[in-house]
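Trainee: Next come the chains, spelled out residue by residue.
There are 4 protein chains.
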Amino acid sequence: MKRKVCVVVTARPSYSRVKTALMAIKNHPELELQLVVAASALLDRYGSTINYIEEDGFTITERVYMVIEGATLTTSAKTTGIGIMELSTTFDNLKPDVVCTIGDRYETMATAIAASYMNIPLVHIQGGEVTGNIDEKVRHAITKLADLHLVSNEDAKQRLIKLGEYEDKIFVTGCPSIDLAKEVSEKPELDFDPCEKYGGVGQYINTNEPYLVVMQHPVTTEFNEVRKQAETLIKVISELNIPTFWFWPNPDAGSDGTSNALRTYREENPNNMFRFFKNMEGKDFLKLLFHSKCLIGNSSVGIRECSFLGVPVVNIGTRQNRRVRGNNVKDVDFDEVRLLEVINLQLKSNNLKQEEIYGNGDAGFKIAEVISKAKLEIKKVISY
Amino acid sequence: MKRKVCVVVTARPSYSRVKTALMAIKNHPELELQLVVAASALLDRYGSTINYIEEDGFTITERVYMVIEGATLTTSAKTTGIGIMELSTTFDNLKPDVVCTIGDRYETMATAIAASYMNIPLVHIQGGEVTGNIDEKVRHAITKLADLHLVSNEDAKQRLIKLGEYEDKIFVTGCPSIDLAKEVSEKPELDFDPCEKYGGVGQYINTNEPYLVVMQHPVTTEFNEVRKQAETLIKVISELNIPTFWFWPNPDAGSDGTSNALRTYREENPNNMFRFFKNMEGKDFLKLLFHSKCLIGNSSVGIRECSFLGVPVVNIGTRQNRRVRGNNVKDVDFDEVRLLEVINLQLKSNNLKQEEIYGNGDAGFKIAEVISKAKLEIKKVISY
Amino acid sequence: MKRKVCVVVTARPSYSRVKTALMAIKNHPELELQLVVAASALLDRYGSTINYIEEDGFTITERVYMVIEGATLTTSAKTTGIGIMELSTTFDNLKPDVVCTIGDRYETMATAIAASYMNIPLVHIQGGEVTGNIDEKVRHAITKLADLHLVSNEDAKQRLIKLGEYEDKIFVTGCPSIDLAKEVSEKPELDFDPCEKYGGVGQYINTNEPYLVVMQHPVTTEFNEVRKQAETLIKVISELNIPTFWFWPNPDAGSDGTSNALRTYREENPNNMFRFFKNMEGKDFLKLLFHSKCLIGNSSVGIRECSFLGVPVVNIGTRQNRRVRGNNVKDVDFDEVRLLEVINLQLKSNNLKQEEIYGNGDAGFKIAEVISKAKLEIKKVISY
Amino acid sequence: MKRKVCVVVTARPSYSRVKTALMAIKNHPELELQLVVAASALLDRYGSTINYIEEDGFTITERVYMVIEGATLTTSAKTTGIGIMELSTTFDNLKPDVVCTIGDRYETMATAIAASYMNIPLVHIQGGEVTGNIDEKVRHAITKLADLHLVSNEDAKQRLIKLGEYEDKIFVTGCPSIDLAKEVSEKPELDFDPCEKYGGVGQYINTNEPYLVVMQHPVTTEFNEVRKQAETLIKVISELNIPTFWFWPNPDAGSDGTSNALRTYREENPNNMFRFFKNMEGKDFLKLLFHSKCLIGNSSVGIRECSFLGVPVVNIGTRQNRRVRGNNVKDVDFDEVRLLEVINLQLKSNNLKQEEIYGNGDAGFKIAEVISKAKLEIKKVISY
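Residue numbers (numbering that gives the first Met the number 0), protein chains in the order written: chain A, 0 to 383; chain B, 0 to 383; chain C, 0 to 383; chain D, 0 to 383.
Be aware that one or more of the hints could be misleading.
You can't tell identical chains apart in this list, so a pair holds if it fits in one copy or across any two.
Said to hold, decoys possible - Below, a list of computed lysine-lysine pairs in the BS3-like style, where the Cα atoms sit at most 30 Å apart: (1) K168 x K234; (2) K374 x K168; (3) K352 x K374; (4) K227 x K161; (5) K277 x K234; (6) K1 x K94; (7) K347 x K156; (8) K227 x K277; (9) K378 x K168; (10) K234 x K186; (11) K161 x K374; (12) K372 x K196; (13) K374 x K234; (14) K347 x K372; (15) K347 x K3; (16) K277 x K156; (17) K378 x K196; (18) K329 x K25; (19) K234 x K378; (20) K168 x K186; (21) K227 x K196.
The set of hints was computed from the structure by calculation and includes no laboratory data.
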């Protein structure tokens with residue numbers, strides 16, 4: 000009898016981060032993949048991640064609509080509540096032997112609670128890291144609900160041990176996002192025209208010329224400053240006068256502030272040098288980053304994949320605060336002058352060394368192996 | 000401007016455990032109490048805790064119905080989901096400066112998630128302890144969501160520090176349940192007739208004769224064994240042939256198993272020596288315990304209040320597994336022979352010393368003080 | 000390809016009323032039965048209807064927990080809301096060709112809305128009748144959402160036509176509850192001992208002696224009077240001094256008032272002549288009625304099955320207000336004196352004629368036939 | 000004591016349709032307005048109706064987020080379920096004496112169920128009309144739940160009487176949307192530049208030149224054809240080569256199909272003659288219509304306000320099927336050739352007579368009067 004492994008994917012970045020693990024689970028002779036696509040991963044407005052998933056050859060076992068529209072802190076809470084109600088039905092129907100949740104987005108708590116309350120062993124992928132804001136609370140809370148931990152590096156493992164988890168329940172697999180980065184670093188040609196393939200809106204960008212990539216997500220504990228932060232960033236980038244691929248933020252509380260700032264700018268500056276995208280297939284996105292002069296923003300892609308790819312990153316604000324990072328990253332606050340300064344510094348860096356801080360490229364394989372072999376238990380008591 | 004302190008009470012034992020703190024908050028010149036009564040604390044079937052709350056002179060700010068009937072693991076998850084949806088509306092309306100949640104029952108996670116996701120500082124009362132089963136997961140997960148920790152003893156404090164919480168956010172206040180125990184120990188007369196005052200069903204018990212008290216809750220990770228465990232316990236107690244006050248379990252998953260076993264026994268043994276109660280006012284319950292020969296079951300009252308009161312306790316099974324305990328407690332498994340043996344042993348013990356393991360009787364006062372003075376912040380990063 | 004017929008059963012009386020139809024659908028060569036058991040039909044407290052369903056040989060396709068505990072008007076509304084959320088997932092998974100809902104209980108609206116909003120043809124069984132209170136609103140509202148109407152008699156059909164429904168969408172099948180009544184009337188021996196077979200609590204009743212049956216449900220628009228009405232009824236029945244089978248009410252708003260009145264009476268009158276039951280298998284219940292001196296209360300069983308069986312009925316209050324009724328029924332208000340008078344009158348009646356007001360005994364068969372043949376459409380416009 | 004009147008506004012068109020009634024209730028000496036803004040009326044994506052409401056001087060009593068994002072039939076059902084859960088809490092807190100719901104959108108059922116299940120008298124504005132699809136089912140179902148009916152014309156009143164409602168519970172007030180139309184017809188100058196005032200995207204339109212207005216909503220029972228219908232319409236309008244104000248559809252199931260067709264067209268035809276708007280303040284919109292050559296689509300504005308304003312309308316498809324209409328309306332199907340033909344015909348019509356089919360301009364005043372005087376009752380039984 001194969002182990003039934005239910006993975007719940009709730010957002011675009013979670014999918015890219017877990018894709019090679021999904022593939023390895025699907026192909027593992029002792030595992031059966033139950034793929035649940037939920038929350039913003041289903042929504043057109045956030046880039047229809049589900050389409051990429053299907054194009055990658057996965058069968059969707061169940062779709063779970065759970066996002067209450069509104070993008071306020073209250074709707075984030077309510078979305079999580081609905082997620083628990085809906086996912087508990089899903090688990091009742093699918094009867095998985097083990098449930099996997101990824102990372103630290105607010106709605107992943109719904110997966111963690113539904114599974115642990117229903118006595119289904121819970122695997123947490125990417126626990127043990129440190130960042131800032133609500134993600135930080137969510138990540139460690141899920142650690143305390145999880146029965147098995149698959150982490151990116153030794154640093155994360157040691158943190159989980161300090162958190163009272165047992166060493167035999169923690170496995171350093173690396174982060175599956177690095178698996179993709181490895182494939183891309185082995186064959187990095189930009190073999191497509193982003194504007195043509197992905198549409199987007201705004202100026203056409205010729206990728207033979209130098210270009211930037213921007214990806215900035217709102218920080219939910221700084222809810223009221225989101226719009227001002229977005230405006231500062233837009234101002235600085237537009238002064239650089241370099242063609243820029245700009246990615247819309249995730250549907251977190253506060254994303255409407257960012258979106259509105261971007262829309263206003265576009266309407267007032269019809270001749271800007273930006274092109275806006277919702278989403279890109281994972282490898283295409285990494286190729287785009289590989290050839291870019293610099294990634295600017297607060298996406299964890301800058302910390303993880305870009306350290307492996309050797310892409311310069313300007314990391315803004317508190318969102319990635321204390322994550323382990325490589326030499327490719329320079330941190331800066333929302334200060335106009337400093338921001339410009341640091342970006343210009345990074346634009347001059349080159350020949351960055353590739354670093355294996357978040358894995359060496361076989362995380363997906365290792366994850367499937369661990370899940371197929373690990374003893375599955377739900378009783379757990381803190382180690383001290 | 001007074002600080003608005005919203006306390007969410009979801010069950011009978013949580014109320015007794017927090018009553019003196021509620022009183023102290025209510026009377027504190029710099030605090031305004033917003034008392035939300037939710038979940039099983041509202042329900043007749045579980046002893047209408049809300050009536051006791053009102054009799055104690057509190058004004059209920061809001062009632063939140065959230066229990067999905069069914070008492071399965073799935074309905075526990077769904078109840079939590081609904082709790083998040085409902086409590087987020089409540090917090091939106093009440094706009095508290097700080098939210099307090101108590102202990103580790105599954106539905107308290109709803110309070111913790113709604114508050115933390117809405118950027119309202121979260122106080123956790125009674126974190127840092129160790130027990131077993133789902134409570135253990137819930138308790139530590141809430142710790143990771145909470146911004147301020149009010150704990151029972153130094154042991155709990157040290158555990159929270161190990162869990163990565165900052166020392167200046169942890170306050171040893173003692174457990175408010177001990178405040179009541181102290182009052183009772185100073186004036187322990189059994190000044191009421193339990194059967195007359197609280198009704199209940201079954202045999203009349205004369206409290207001048209020796210009697211037992213039983214309080215056994217189902218353990219949710221042992222869902223399928225609940226009925227069998229209940230039957231074992233019933234068998235052993237009935238063999239003792241001592242009048243017994245028996246309290247119905249909380250509405251957790253599995254409680255129907257216990258309830259059914261009890262009902263079947265009653266119908267088949269009309270002349271049993273048990274009397275069944277849903278609930279008792281907190282002090283009355285402690286007085287009843289004070290004069291009992293022994294408390295049998297897995298209630299945390301045995302570990303906490305009874306150590307202060309010096310009442311012998313037979314603690315059965317895994318539920319209180321690793322909680323710090325006094326000399327009054329003897330642990331035993333669901334083994335018929337051993338159970339009978341250990342109970343008989345405890346029935347002979349006397350002159351137990353009072354121990355102050357969970358506080359010395361002014362916890363309510365200290366809790367109100369801390370909440371009135373503490374710096375309220377919602378950003379938090381693990382300490383290592 | 001068989002038509003997939005999803006029937007949602009939410010309560011004890013709905014099941015008895017539809018049982019022969021379920022059997023006929025299950026056995027029909029062109030139909031596939033999807034049986035969803037939901038709401039109070041799942042709950043132990045309301046007689047575990049689901050056990051009877053399984054004993055009758057049905058396979059439960061899905062269980063849907065949706066009752067928010069509390070029994071207030073607000074929880075009735077919330078239960079319906081949750082029902083819509085849950086049943087829409089159920090229909091998404093089961094992909095029925097047609098959904099059936101029965102009668103007029105408040106939570107059946109959840110079935111009707113989920114199906115009609117999802118463009119699934121909706122069959123309403125037992126529309127077109129007239130009664131009082133919220134049932135009346137619900138019943139006619141469901142008529143306006145339904146695409147096909149299977150009614151008990153010509154009177155109901157004519158009412159639906161007046162309501163703007165098209166004649167070719169209305170089928171007089173009779174009420175399936177009469178199918179059971181017919182079977183019982185053909186073989187009416189009371190071949191079991193009710194107290195022995197069903198337990199219950201209270202006095203043992205010898206069915207060879209004359210006995211009464213009481214079944215009184217709270218009327219939700221008279222919420223505040225429920226307890227007083229229950230007390231009046233208890234007083235009158237106890238004065239009659241005849242052994243009485245008393246059935247607990249449905250879990251409507253207000254049922255706690257009735258339940259509490261009954262519990263108080265029991266405790267204050269330990270030597271009463273009542274025996275209390277939650278539920279009985281449908282035919283057993285009809286046999287019990289057949290041999291009773293009189294049915295007292297406001298159950299629709301008195302109007303429907305009892306007219307076919309020729310059992311005297313005292314129908315109290317507004318609940319069945321304008322339902323078509325036979326000569327076996329005498330109506331009365333909650334007036335102590337009149338109530339006693341009318342009951343005594345009925346106790347003297349005998350040799351009542353059987354009447355076929357709600358069908359002649361083959362409704363289940365006809366219902367399956369109509370569902371297998373009818374054109375299924377979801378577009379509908381009022382006929383005038 | 001003033002009567003507390005709770006009006007729940009869930010969408011852009013409902014607000015315009017009820018605005019003068021809200022104003023009259025607010026200003027009525029015997030009434031207190033409780034204004035609940037819910038569902039898509041809160042959402043930026045659908046034109047932030049709430050901003051217009053606040054600009055009009057109303058105080059929002061409560062905001063209720065309830066839209067589950069996804070725009071499928073299933074999410075429509077779930078949105079309604081959540082609406083019931085949320086609005087029942089709202090009504091519990093506000094304790095209105097009467098609740099008003101408007102029209103026939105799917106989510107208005109949530110208002111109707113929450114109020115009627117909680118025994119709060121329910122007023123339905125705009126019942127008794129006839130159209131097509133799910134609106135038709137919803138409208139008449141709400142009629143059966145409502146206690147008081149305020150209708151647009153005698154035709155609607157007669158239909159309600161046929162539906163079994165009592166004549167003394169039905170009041171012909173006219174439709175409040177006509178109140179605005181009357182004000183506009185008395186002072187119709189187009190005193191603003193739509194592109195400047197409302198932004199929108201696309202071509203700038205000079206309102207001194209002839210222009211069209213398009214407003215086409217998806218029909219939920221024709222879910223799968225929505226995209227094709229949108230493409231047909233786009234093709235025909237673009238062939239006309241007349242500047243066109245195009246309004247985005249409501250967030251019904253299917254609206255994503257329309258939106259996607261519009262986006263694709265825009266990207267492939269950068270030089271099209273369309274300008275796209277989400278929303279306009281009610282009177283501005285009517286002024287825009289007043290001066291347009293023709294309104295094309297399936298909005299009820301064409302049937303109602305435009306008959307009073309004397310604006311030519313091409314009404315497409317089934318959505319307004321059987322609504323009473325004036326001479327200004329020509330109906331047509333989704334046939335390319337016929338569509339073009341009928342539009343061209345309407346473009347030649349002029350000097351249309353104003354008709355008072357849906358009221359004569361004082362509906363708001365009459366509605367407030369009726370609500371202040373009417374006897375409020377919740378018991379109702381069908382009249383036949």
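Trainee: One pair to classify: K347 and K156, alpha carbons no more than 30 Å apart. Within, between, both, or neither?
Mentor: Answer is neither; intra-copy 35 Å and inter-copy 50 Å both fail.
Trainee: Pop the pair K1 and K94 into one bin, within, between, both or neither, using alpha-carbon distances up to 30 Å.
Mentor: both (13 Å within a copy, 27 Å between copies)
Trainee: Checking an output row: K168 and K234, CA cutoff 30 Å. Within, between, both or neither?
Mentor: Close neither inside one copy (47 Å) nor across copies (39 Å); limit 30 Å.
Trainee: Could you figure out if K347 and K3 sit no more than 30 Å apart (CA to CA) within one copy, between two copies, both or neither?
Mentor: neither (50 Å within a copy, 53 Å between copies)
Trainee: For the identical chains here, do K372 and K196 meet the 30 Å Cα criterion within one copy, between copies, both, or neither?
Mentor: neither (41 Å within a copy, 50 Å between copies)
Trainee: Evaluate K234 and K378 at a C-alpha cut-off of 30 Å and name the case that applies: within, between, both or neither.
Mentor: between (53 Å within a copy, 28 Å between copies)
Trainee: Within a copy, between copies, both or neither: where do K378 and K168 come within 30 Å Cα-Cα?
Mentor: Both ways: K378 and K168 sit 12 Å apart in one copy and 29 Å across, limit 30 Å.
Trainee: Could you place K352 and K374 in one of the four classes (within, between, both, neither) given a Cα distance threshold of 30 Å?
Mentor: neither (39 Å within a copy, 44 Å between copies)
Trainee: For the identical chains here, do K277 and K234 meet the 30 Å Cα criterion within one copy, between copies, both, or neither?
Mentor: Both, since 21 Å and 27 Å are each at most 30 Å.
Trainee: Under a CA distance limit of 30 Å, which applies to K227 and K161: within one copy, between copies, both, or neither?
Mentor: For K227 and K161, the Cα distance exceeds 30 Å both inside one copy (38 Å) and across copies (38 Å).
Trainee: My question is about K277 and K156: at a cut-off of 30 Å on alpha-carbon distance, are they close within one copy, between copies, both, or neither?
Mentor: Neither. Shortest intra-copy (34 Å) and inter-copy (46 Å) distances fail the 30 Å Cα cut-off.
Trainee: Is it within, between, both, or neither for K227 and K277, if the alpha carbons may be no more than 30 Å apart?
Mentor: The answer is both: 21 Å in one copy and 25 Å across copies each meet 30 Å.
Consistency with the previously given hints fails for numbers 1, 3, 4, 7, 10, 12, 13, 14, 15, 16, 17, 18 and 20, ordered from lowest to highest.
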